[in-house]
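Asker: Line by line, the protein sequences are chains A and B. Residues in the first sequence are numbered consecutively from 1, following the working numbering. Residues in the second sequence are numbered consecutively from 1, following the working numbering.
Everything labelled a hint here was simulated from the structure, so no lab data went into it. Just so you know, even glycine gets a beta-carbon here, dropped at the ideal spot from N, CA and C. Please note: incorrect hints may appear among the correct ones.
[As the list claims (entries may be wrong)] Example chain A residues on the side facing chain B (calculated, C-beta under 10 Å, incomplete):
1) Ser29
2) Ala30
3) Leu31
4) Ile33
5) Ile37
6) Glu87
7) Met89
8) Gly94
9) Ala150
10) Leu287
11) Ile290
12) Val294
13) Asp314
14) Pro327
15) Lys330
[Stated by the list, open to error] Now the stretches of chain A that chain B is said to cover, found in silico as 3 or more residues with beta-carbon under 8 Å:
16) 45–51
17) 231–240
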Amino acid sequence: MAKKKITKKVYLQWYEDMLFWRKFEDKASALYIQQKIRGFLHLYNGQEAVLAGSVFAMEENDRMITAYRNHVQPIALGVDPKKIMAELMGKVTGTSKGNGGSMHMFSKEHNFFGGHGIVGGQIPLGAGLAFADKYNETGAVTLCYMGDGAVRQGAFHETMNLAMLWNLPVVFIVENNGYAMGTSVERTANHTDIYKLGLGYEMPCEAVDGMDPTEFYPVIQEAVDRARDGKGPTLLEARTYRYKGHSMSDAQHYRTKDEVAEFQKKDPIGIVQKIIKDKKYASDEDLKEIEQRVKDKVNDCVKFGDESEFPPADQLFTTVYAQEDYPYIKTQ
Amino acid sequence: MSRVIQFREAVAEAMSEEMRRDEKVYLMGEEVAEYNGAYKASKGMLDEFGPKRVIDTPISELGFAGIGVGSAMNGLRPIIEFMTFNFSLVAIDQIISNAAKMYQMSGGQFNVPIVFRGPTASAGQLGATHSQALESWYANTPGLKVVVPSNPYDAKGLLKSAIRDDDPVLVMESEQMYGDKGEVPEDEYLLELGKAHTVQEGNDVTIVSFGKIIKEAYKAAEELEKDDISCEIIDLRSVRPIDYETIVNSVKKTNRLVILEEAWPLGNISTEITAHVQQHAFDYLDAPIRRINAQDTPMAYSPVLVEAYLPNADHVIKAVKEVLYI
Ligand SMILES: Cc1ncc(C[n+]2csc(CCOP(=O)(O)OP(=O)(O)O)c2C)c(N)n1
Ligand SMILES: [Mg+2]
Chain A
1 MAKKKITKKV YLQWYEDMLF WRKFEDKASA LYIQQKIRGF LHLYNGQEAV LAGSVFAMEE
61 NDRMITAYRN HVQPIALGVD PKKIMAELMG KVTGTSKGNG GSMHMFSKEH NFFGGHGIVG
121 GQIPLGAGLA FADKYNETGA VTLCYMGDGA VRQGAFHETM NLAMLWNLPV VFIVENNGYA
181 MGTSVERTAN HTDIYKLGLG YEMPCEAVDG MDPTEFYPVI QEAVDRARDG KGPTLLEART
241 YRYKGHSMSD AQHYRTKDEV AEFQKKDPIG IVQKIIKDKK YASDEDLKEI EQRVKDKVND
301 CVKFGDESEF PPADQLFTTV YAQEDYPYIK TQ
Chain B
1 MSRVIQFREA VAEAMSEEMR RDEKVYLMGE EVAEYNGAYK ASKGMLDEFG PKRVIDTPIS
61 ELGFAGIGVG SAMNGLRPII EFMTFNFSLV AIDQIISNAA KMYQMSGGQF NVPIVFRGPT
121 ASAGQLGATH SQALESWYAN TPGLKVVVPS NPYDAKGLLK SAIRDDDPVL VMESEQMYGD
181 KGEVPEDEYL LELGKAHTVQ EGNDVTIVSF GKIIKEAYKA AEELEKDDIS CEIIDLRSVR
241 PIDYETIVNS VKKTNRLVIL EEAWPLGNIS TEITAHVQQH AFDYLDAPIR RINAQDTPMA
301 YSPVLVEAYL PNADHVIKAV KEVLYI
């Protein structure tokens with residue numbers, strides 16, 4: 001699949017999608033303050049360009065897996081956002097029936113393989129998805145995401161080697177948002193070029209702007225094509241930024257407000273909006289309409305979540321094993 | 001003289017006092033230095049001891065746990081913090097295969113004076129991977145010592161002893177206890193590892209527990225008191241070694257035993273105590289021993305499922321009444 005042209009339709013789609021993801025996260029944050037969402041809550045604000053570019057490069061059967069900053073990825077793949085909101089609220093109508101919560105979204109139907117809370121835990125899984133696709137000769141490619149912090153896990157390095165050794169159809173995308181909790185990338189290694197970690201494995205690797213979907217898309221498309229053509233894995237470092245704190249309780253003493261503001265000037269939604277305006281792809285009226293649509297859709301999600309039921313307590317026992325009528329779990 | 005401080009302050013005091021006393025002691029872990037600890041349990045320590053001794057790490061648990069063990073084999077006394085013990089699982093090989101075995105394998109040449117500490121078990125709606133009570137996993141391993149404080153006083157005294165101990169000690173805390181307040185003496189004190197504490201004396205039933213979940217036993221005992229049921233409550237403080245003597249002596253007095261532990265039921269601390277007591281105090285028991293554990297499932301996210309998963313005071317009350325046949 002050669003690089004696709006970024007048409008008017010694509011820009012408008014990107015704009016509406018990214019705006020929706022942003023507003024969805026903002027609403028989740030508000031619901032957290034109202035204690036309708038509990039536990040940890042990691043928001044994607046600022047990193048949307050990576051997802052927008054990725055989804056445009058993906059084919060129907062391709063697979064995605066990521067860490068715990070994972071609410072909007074399944075939405076991008078086609079999961080009904082109402083189900084994501086319901087999951088965040090612990091409702092039985094959620095994607096994991098309320099079992100998983102914020103960090104553990106899954107959708108088998110839409111090839112979204114999670115949603116993983118242990119840093120780096122999803123990296124070998126991503127290679128494993130690709131292993132199965134190679135084995136089954138499906139032609140599908142796996143996109144496996146991780147944070148800058150996750151590349152310091154042993155699991156990352158073992159997986160890089162195995163993916164090369166077995167020439168797996170996988171793209172590893174490091175979403176370098178500058179920090180792992182309060183630890184900046186500079187404080188985790190003797191150099192900050194994360195993409196260079198691919199060099200030791202002779203894996204094709206490069207750094208790419210992760211704030212601008214027009215920059216990110218062609219690079220991820222190339223990597224996806226390489227994987228699909230049987231030429232093996234790629235390591236991409238998407239240089240991006242997270243606008244919000246790590247989770248909900250983070251005083252953010254490790255960075256300045258100026259730094260955040262600096263990145264917000266390069267906002268992915270702003271970039272796409274500017275292109276749309278410059279090229280007169282839409283009028284101000286049209287954009288207002290999109291905003292209103294997004295707002296309504298987010299409100300529908302909350303309404304759905306509010307009106308949904310919590311799971312029955314015995315769900316705790318019925319979802320542990322795939323074996324039907326597994327008889328050995330006894331209530332304590 | 002004593003004053004009321006938070007659990008997290010007790011932890012920081014214990015580490016700081018030991019670092020002042022012995023320059024070989026250092027603290028290493030994620031966010032322990034510049035962030036003052038993910039749960040602020042090392043607040044002020046970077047300022048006092050500097051970056052040589054209070055060391056932030058990348059998210060490399062296997063690496064820094066192993067570096068801790070190696071440095072302990074070569075003259076240092078590390079305190080390795082896991083942000084939670086749930087994340088120690090990527091480092092467990094260094095704890096089980098290296099720290100716990102080294103002294104024995106080397107014929108007594110290399111002891112490993114290391115402390116691994118951090119929170120264990122559930123802490124609200126964090127889902128399956130962040131809610132695991134792993135005390136019995138580690139306690140199963142000879143060569144390790146495992147302590148589980150339940151209040152600021154115990155946390156400080158046990159941690160100081162753990163740091164001075166010449167063998168690997170795990171100190172397992174809880175995110176949900178760091179804000180708890182309690183009386184802690186100004187003057188230095190140590191608590192012996194491996195000794196249980198009888199928190200409350202009573203005649204009708206013995207309740208054994210440890211760690212954060214013991215608070216459910218306190219609540220239950222208060223309720224039961226209203227019905228004139230007098231509970232003896234034993235806080236194990238240490239789950240390896242286990243102070244069997246204190247438990248058996250109590251059972252000989254009350255003739256009834258309820259054990260409360262936030263862990264999965266198959267092969268845990270409460271099964272171990274049950275086996276021991278039936279062997280050593282069988283003739284003193286007036287009712288089968290009852291144990292209360294989490295459900296035999298992963299913990300889930302939804303509040304309803306958390307409630308269904310965790311043991312609570314009502315379960316304790318019910319079990320006590322059962323062993324009393326009322
Ligand atoms: C093995 C493990 N260690 C520690 C943690 C706690 N933790 C959760 S997220 C995080 C920071 C990860 O940062 P990064 O990989 O850069 O991802 P980001 O949050 O920036 O998306 C840490 C330390 C964990 N979940 N798993
Ligand atoms: Mg990061």
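Asker: Work down the list of hints and note, for each, if the structure agrees.
Answerer: Evaluation of the provided hints:
{"no.": "1", "hint": "Ser29", "in the structure": "16 Å, violated"}
{"no.": "2", "hint": "Ala30", "in the structure": "18 Å, violated"}
{"no.": "3", "hint": "Leu31", "in the structure": "13 Å, violated"}
{"no.": "4", "hint": "Ile33", "in the structure": "15 Å, violated"}
{"no.": "5", "hint": "Ile37", "in the structure": "9 Å, holds"}
{"no.": "6", "hint": "Glu87", "in the structure": "8 Å, holds"}
{"no.": "7", "hint": "Met89", "in the structure": "9 Å, holds"}
{"no.": "8", "hint": "Gly94", "in the structure": "8 Å, holds"}
{"no.": "9", "hint": "Ala150", "in the structure": "7 Å, holds"}
{"no.": "10", "hint": "Leu287", "in the structure": "37 Å, violated"}
{"no.": "11", "hint": "Ile290", "in the structure": "33 Å, violated"}
{"no.": "12", "hint": "Val294", "in the structure": "27 Å, violated"}
{"no.": "13", "hint": "Asp314", "in the structure": "8 Å, holds"}
{"no.": "14", "hint": "Pro327", "in the structure": "12 Å, violated"}
{"no.": "15", "hint": "Lys330", "in the structure": "7 Å, holds"}
{"no.": "16", "hint": "45–51", "in the structure": "violated (count 0)"}
{"no.": "17", "hint": "231–240", "in the structure": "violated (count 0)"}
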